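Take a look at the letters that make up each chain.
2 protein chains.
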Amino acid sequence: MNVEQYMQETGQRVRAAARVIARAETKMKNAALLAIADRIEADESRLIKENRQDLEAGVKNGLDAALLDRLELNPDRIAAMAEGLRQIAALPDPIGEITDLNYRPSGIQVGRMRVPLGVIGIIYESRPNVTADAAALCLKSGNAAILRGGSEAIHSNQAVAACIHAGLKEAGLPAETVQVVETTDRAAVGELIRMQRYVDVIVPRGGKGLIERIANEARVPVIKHLDGICHVYVDEAADAAMAVRIAYNAKTHRYGVCNAMETLLVARGIAEQVLPELGALYAEEGVELRGCEATRQILSQARPVTEEDWVTEYLAPILAIRVVADVDEAMAHIAEHSSGHTESIVTNDYRCAQRFLREVDSSSVMVNASTRFADGFEYGLGAEIGISTDKIHARGPVGLEGLTSQKYVVLGDGQIRE
Amino acid sequence: MNVEQYMQETGQRVRAAARVIARAETKMKNAALLAIADRIEADESRLIKENRQDLEAGVKNGLDAALLDRLELNPDRIAAMAEGLRQIAALPDPIGEITDLNYRPSGIQVGRMRVPLGVIGIIYESRPNVTADAAALCLKSGNAAILRGGSEAIHSNQAVAACIHAGLKEAGLPAETVQVVETTDRAAVGELIRMQRYVDVIVPRGGKGLIERIANEARVPVIKHLDGICHVYVDEAADAAMAVRIAYNAKTHRYGVCNAMETLLVARGIAEQVLPELGALYAEEGVELRGCEATRQILSQARPVTEEDWVTEYLAPILAIRVVADVDEAMAHIAEHSSGHTESIVTNDYRCAQRFLREVDSSSVMVNASTRFADGFEYGLGAEIGISTDKIHARGPVGLEGLTSQKYVVLGDGQIRE
Numbered sequence: 001m002n003v004e005q006y007m008q009e010t011g012q013r014v015r016a017a018a019r020v021i022a023r024a025e026t027k028m029k030n031a032a033l034l035a036i037a038d039r040i041e042a043d044e045s046r047l048i049k050e051n052r053q054d055l056e057a058g059v060k061n062g063l064d065a066a067l068l069d070r071l072e073l074n075p076d077r078i079a080a081m082a083e084g085l086r087q088i089a090a091l092p093d094p095i096g097e098i099t100d101l102n103y104r105p106s107g108i109q110v111g112r113m114r115v116p117l118g119v120i121g122i123i124y125e126s127r128p129n130v131t132a133d134a135a136a137l138c139l140k141s142g143n144a145a146i147l148r149g150g151s152e153a154i155h156s157n158q159a160v161a162a163c164i165h166a167g168l169k170e171a172g173l174p175a176e177t178v179q180v181v182e183t184t185d186r187a188a189v190g191e192l193i194r195m196q197r198y199v200d201v202i203v204p205r206g207g208k209g210l211i212e213r214i215a216n217e218a219r220v221p222v223i224k225h226l227d228g229i230c231h232v233y234v235d236e237a238a239d240a241a242m243a244v245r246i247a248y249n250a251k252t253h254r255y256g257v258c259n260a261m262e263t264l265l266v267a268r269g270i271a272e273q274v275l276p277e278l279g280a281l282y283a284e285e286g287v288e289l290r291g292c293e294a295t296r297q298i299l300s301q302a303r304p305v306t307e308e309d310w311v312t313e314y315l316a317p318i319l320a321i322r323v324v325a326d327v328d329e330a331m332a333h334i335a336e337h338s339s340g341h342t343e344s345i346v347t348n349d350y351r352c353a354q355r356f357l358r359e360v361d362s363s364s365v366m367v368n369a370s371t372r373f374a375d376g377f378e379y380g381l382g383a384e385i386g387i388s389t390d391k392i393h394a395r396g397p398v399g400l401e402g403l404t405s406q407k408y409v410v411l412g413d414g415q416i417r418e
Numbered sequence: 001m002n003v004e005q006y007m008q009e010t011g012q013r014v015r016a017a018a019r020v021i022a023r024a025e026t027k028m029k030n031a032a033l034l035a036i037a038d039r040i041e042a043d044e045s046r047l048i049k050e051n052r053q054d055l056e057a058g059v060k061n062g063l064d065a066a067l068l069d070r071l072e073l074n075p076d077r078i079a080a081m082a083e084g085l086r087q088i089a090a091l092p093d094p095i096g097e098i099t100d101l102n103y104r105p106s107g108i109q110v111g112r113m114r115v116p117l118g119v120i121g122i123i124y125e126s127r128p129n130v131t132a133d134a135a136a137l138c139l140k141s142g143n144a145a146i147l148r149g150g151s152e153a154i155h156s157n158q159a160v161a162a163c164i165h166a167g168l169k170e171a172g173l174p175a176e177t178v179q180v181v182e183t184t185d186r187a188a189v190g191e192l193i194r195m196q197r198y199v200d201v202i203v204p205r206g207g208k209g210l211i212e213r214i215a216n217e218a219r220v221p222v223i224k225h226l227d228g229i230c231h232v233y234v235d236e237a238a239d240a241a242m243a244v245r246i247a248y249n250a251k252t253h254r255y256g257v258c259n260a261m262e263t264l265l266v267a268r269g270i271a272e273q274v275l276p277e278l279g280a281l282y283a284e285e286g287v288e289l290r291g292c293e294a295t296r297q298i299l300s301q302a303r304p305v306t307e308e309d310w311v312t313e314y315l316a317p318i319l320a321i322r323v324v325a326d327v328d329e330a331m332a333h334i335a336e337h338s339s340g341h342t343e344s345i346v347t348n349d350y351r352c353a354q355r356f357l358r359e360v361d362s363s364s365v366m367v368n369a370s371t372r373f374a375d376g377f378e379y380g381l382g383a384e385i386g387i388s389t390d391k392i393h394a395r396g397p398v399g400l401e402g403l404t405s406q407k408y409v410v411l412g413d414g415q416i417r418e
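Protein chains in written order, with my numbering: chain G, 1 to 418; chain P, 1 to 418.
What the hints contain is simulated information worked out from the structure, not anything from laboratory work. It cannot be assumed that every hint is accurate.
A few chain P residues that face chain G, going by a derived Cβ cut-off under 10 Å, partial list only [what the hints assert, rightly or not]:
1) V115
2) Q158
3) A162
If you want the footprint, here are the derived chain G segments under chain P, 3+ residues with CB under 8 Å [claimed, not checked]:
4) 108-114
5) 376-388
Computed from a prediction, not measured in an experiment: that's the story for all the values here. Positions of the beta carbon are idealized from the N, C-alpha and C atoms, including for glycine.
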């Protein structure tokens, strides 16, 4: 197979379909989503059979247990996939919404209409449910999509693709609206991220290394989600019990997630009040502590922290702790070491809270809440295609709106420029 | 001078200043803008003296009359520069605005706060007033800026920079907030568009060639303004007098601007009613007409149009005309040939107007108005750093809001994820 030619032809077909889906009525898009959900449930046994091929190949190729687990489809996961599609069908349609339509002195009315981006390219790994999920978010937001899953999930992804195509056709929409790349040749990714004519934005989902590589090589704009080095700062004016609760939750609720706390900053004036209790709680959970000198005077079990720790996303039961003088030192630490994902202050001081909210330059900034809330569902977006650590276009959890743009609309009555 | 080292050091200084301007109060930012305006007026004679050096060098280097005119500073233009700064000071401050702050079922309040992008890099040519104008838009939106003007305006730009630095200092803000690159070495542009650590977005202002080159080489996101191949479609259901008025204005009000009409599409059913009158009006203005076969049967003076004409931004008194069957054929022509800048339909048919608004994928879509209205001032943005033909981030005229982003803010009362 000539990969370049295959991708170019795919791009052409998807671009043509994008014009149709962009103007499709809400009713049709929802009908397609529901039809795909039905088809996925009806095809359960075929999906499991195709998935088994991937799992067997994965075992042969020595994939580790965690990867094999993510790759597996079972009846529960298939039902969850269908349920996810139905939830997206139930969300309000963002497309066509007109805002801020106002009369100008010239007599024209000017407003902004929300429109699809066009064609979204999504690059992801292992979990076959992403195929259904990403397709649904693109469809609902009026976009066409080129999906490129990992080679380890090729049979599962193609089986899901068949359901998507059948559902689209059933609703009277072009099957080409969602293309799941059929080749496992890596050159396909290289083509996808350079097809400016056919692709409007790339959303890579995966590890930091993959995303950095894609961002560096892409000619198409990329919505990036790099690392989450999230901080909780416990201010001197914090409610100590609340501080312990939040710092405990932010670290131990789940370890392998981007919105888990990786560094705890504690004001000197409250350190002796909160650190011993937190130390005991973390010890129960087996969390390894790495602390600055002042931390280690309170928590003798903490190992010495290194500069490297401040910029490491552990994604593991490890926590770096630093005692700071005040909110200024905490914000300076964050400005220097944070990845700009999510930071939270625990305080009852109005002015500190206001300053933290305004001055901390991260995609989510919180007062008296666990960093674990940084999530599209918790924020009420109804769905999430990823979390952006970029500043341009979309920042923080990206739902349907992040896959749209706004054009200006002008309603006149014959006005001309004088 | 080591250009790489110079630009890296500039980047570091501007990044540090960006943290200060991001949290500067509205009052301080406005004070700086007004102080810069005063300084520019007070320095009139110095500005004219420095500008004369550029003009003399320009004459020596054989710049053409149009370029020399754009380069010139005179008392009127200096007064206009100062007035522009005062107008930007009078605009509402977009920074810190919180929208959509709502309670979620978990008990947290989630909203979005408008924040600066950080450091804006602007690359432009000849007109020294852009130095003041771009600096002012960046300052007001809480951003620091690295400005890189053309080498032909180096003395003028440095003289304006001195006024900017003096005004910033007077208001108690760091002079480093706005850096006007001091070297004319072209390598500085190459550095600027690759300094991802220090620059958040690049706004190039200039010809399509310059912008395409920058976009292709940049590692920093670019807000692009490519060409404006704008269409007016006169529908069969148009008011013929209105159609003539709009099509005449869209072409002849100004020729060298991106929102001028370059192609006129006319429905077959109304062509004989509007084209003869339009032909006579265009002839009076010396507009050269290039038409399809059907056009030439009505307007014998029109030359035959070529495929090349449909994708050419004339920026000149030339107009391509095509007779089409209906709104579908018009929209198909636009989808194939438009640069996605601005299109207008003239019609009194409700359904055609609604379809055109929804289906045409351009940054501005109009009904019964001249394409010449596609402009930040006409749209009420109060200012304009450029017009984006991108879909990502900002589309259409870009004012202060286009230089900002939104972060999520979460207000809790001790909530944790269960």
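Cross-check of the supplied hints:
With its C-beta approaching chain G no nearer than about 7 Å, V115(P) sits inside the 10 Å limit, and its interface hint holds. For Q158(P), the interface hint is violated, the least distance from its beta-carbon to any beta-carbon of chain G being 30 Å, above 10 Å. Residue-level restraint check for A162(P) is violated (minimum Cβ-Cβ distance to chain G is 30 Å; threshold 10 Å). Here's how the segment 108-114 of chain G fares: 3 of its residues keep a CB closer than 8 Å to some CB of chain P, so the rule of at least three is met and the hint holds.
Counting residues of the segment 376-388 of chain G whose beta carbon lies closer than 8 Å to any beta carbon of chain P gives 3, which meets the minimum of three for the stated coverage.
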